[in-house]
Amino acid sequence: MNNEYINPSNIYSDQPQPEPVRKLASTVGVLGAISILTCFVLPVVIPAITGGMSIILACLSRAKHQRMLPSARRGVMLAVIGLCINGAVCGFSAAAAYRIYNDPAAMQQFREQLKDNYGIDADELFNDPWAESSGGTL
Amino acid sequence: MNRHALSCAVKARARGALSGHLPLVVAANLTFSAVFLLLYLAGAEMNVGNGIPGFVFSVILSWSLDVFFGLFSYGLQGIYLGLAYCRPVQQKDLFAGFSENTRQILLMQIFPASLKLAAMLPAFWAAFFLPLHTGKGRIIFAVLFAMGICLRLWIRLTYVLSFFLLLDYPREGAGASLQRSRRLMKGYKLTLLYLDLSFLPYLAPVLCTFGIGQLWVSAYMLSARACFYRALLTEKTVSRV
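Chains as they are written, first to last, in my numbering: chain A, 28 to 165; chain B, 316 to 556.
Extracted from the complex, chain B is given alone in its bound form:
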């Protein structure tokens, strides 16, 4: 199946899974966004000073929040996977990460979060130690920054299915889920990128609604990702048989 056909099929399935459950998922997204915003604002309020020590502290804080939010992401992705499997889901499932597999989730979130941080380290180094007022310094910083962003995207696409795998196979643990996600996404990273980019036209109505519409659009996106995971699992299983 080509990229466009797979993307259309997955999105149609996602719309089917969401029908009748929009209030629940929008409320879950709202709770997730509110907690995310509150914690980031609380982090930003901490006056950590200027210079390298302040910057290092803010990076560590951002990394810790990234790891902590794995617990919420696990619950949120569990809701969408449940809908994709036509299982009954509840609002309280958003907090499932705090009661089940907590250690595994945190361990699993540490690895991609650290890789993503490492991808940006050369750009951070350039920002502090290169003379950015010169043309050469600026070019080196821009190249390193762009490379860091591309690497982060690649890491995200590689490990995006790990929570779904942990939800489906909780006994296999964090390491196995990350490894399976890497294997599953082999050859399908661009397909997922195509699927994600196909939501770009929704940016216009989201801007018109001053961001309110993002709650619905992100529900659609996450549901599509859960359906993509299902389709990929089926395709890989069939091809192995």
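Bound-form chain A, shown alone:
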């Protein structure tokens, strides 16, 4: 039986990691990636693709009639409304993130909240390798 226990300090050390730690790290990484994908990316990407495709296919399926069928028109309207809401939410989130990023006081508050609530050091988390020469981190 493997008696190795998981020491949190091992995760950040330069020493070769014992097998269970590496397994745990990779599992956590995969779970994190899935959660980011399902919570943030997919709810934006899937409605955008399906909405856009429904509009294109509805326009193409008009056949020789100049006007679209009422049901198809309703579908297109719904897709357009969905896409507008989606775009507005994305735009609002991006604008909020941009404002925080450009405001040193808000950024400092964000760092403190990360440290206090989650124990995450922003300097380590968002270390920018391209800005290292100028000593810049997020």
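Just so you know, these hints were derived from the structure itself, not from any lab.
Heads up, some of the hints might be wrong.
As the list claims (entries may be wrong) - If we take Cβ atoms under 8 Å as the criterion, some of the chain A residues that face chain B in the derived model are:
1) Ala75
2) Gly78
3) Gly79
4) Met80
5) Ile82
6) Ile83
7) Leu84
8) Leu87
9) Arg89
10) Leu105
11) Leu110
Stated by the list, open to error - A few chain A positions that, by computed beta-carbon distances, are all more than 12 Å from chain B:
12) Cys86
13) Gln135
14) Tyr145
15) Gly146
16) Asp148
C-beta atoms are modelled at their ideal positions from N, C-alpha and C, and glycine is treated no differently.
Position chain B against the provided structure of chain A, taking the given hints into account.
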């Protein structure tokens, strides 16, 4: 018939021609785009160095690829023309340019590709030999670049029907097809431009689908162009009678 009415009629006919054949044309477009992308990426991967020699090499490479892609364009336009004529078409028709009229296609593609390259030469000259850090240099470059783009558009609109003509009249050869395309498009360039621009609203759903929808939209556009060619041929024949 005015521009808007002709555009609507042509698009309605294109939708009719595409109905029931969308999977085939989308697969053909996908193959065409994949080959195009692969060859351009392979070209971009070649490290040709900086400065004028590298730039000249990249221009020659781009021109060669433009000529080579005539073979695929011929096959792709053959599929859409076949659908416009309600003829049975197959996926392998995309490669028809490699087995029939290959020499004619390459000869025919050389002329517009060279003209398009020549249209951009003054802008290229300005980019290398004018001081672009000064306001005057920038203005001259911008004017020459805009003129080059307009000339390219004019050349494209003039010779856009040449492949359709070669497909319909294969015995007439490259020169005759180019000449007939020029004659056919006389007075109809703005009509075709109007037709092409009428697809601009589709840009929004194409962006939403991260470019995937372009496969369907370009099928619609190419089908509309084939139907435009048919309508133009009929109109010119009727007016001659």
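Tested hints:
For A/Ala75, the interface hint holds, since its Cβ comes within 8 Å of a Cβ in chain B; the closest pair sits about 5 Å apart. The interface hint given for A/Gly78 is met, as the beta carbon of that residue sits about 6 Å from the closest beta carbon of chain B, less than 8 Å. With 8 Å as the threshold, the beta carbon of A/Gly79 comes within range of chain B, its nearest partner Cβ sitting at about 3 Å, so the hint holds. Interface hint status for A/Met80: upheld, as the beta-carbon distance to the closest one in chain B is roughly 6 Å, under 8 Å.
Evaluation of the A/Ile82 hint against chain B yields a held restraint, the C-beta minimum of about 4 Å falling below 8 Å. The criterion of a C-beta within 8 Å of any C-beta in chain B is met by A/Ile83, whose closest approach is roughly 5 Å, and the hint holds. This hint holds: A/Leu84 has a C-beta 7 Å from the nearest C-beta of chain B, less than the 8 Å allowed. Annotation: A/Leu87 was flagged as interfacial toward chain B, and the flag holds, the nearest CB pair being 6 Å apart, inside 8 Å.
The criterion of a C-beta within 8 Å of any C-beta in chain B is met by A/Arg89, whose closest approach is roughly 6 Å, and the hint holds. A cut of 8 Å between beta carbons decides the hint on A/Leu105: the least distance to chain B is about 14 Å, and the hint is violated. Among the interface hints, the one on A/Leu110 holds; its C-beta lies about 6 Å from the nearest C-beta in chain B, closer than the 8 Å criterion. A beta-carbon of chain B comes within 12 Å of the beta-carbon of A/Cys86; the shortest separation is about 7 Å.
Interface exclusion of A/Gln135 from chain B stands, the closest Cβ pair being 36 Å apart, more than 12 Å. The claim that A/Tyr145 lies off the interface holds: its Cβ sits roughly 32 Å from the closest Cβ of chain B, which is beyond the 12 Å cut-off. Interface exclusion of A/Gly146 from chain B stands, the closest Cβ pair being 36 Å apart, more than 12 Å. Listed as a non-interface residue, A/Asp148 keeps its Cβ farther than 12 Å from every Cβ of chain B; the least gap is roughly 35 Å.
Checked against the numbered hints above, the structure violates hints 10, 12; every other hint is satisfied.
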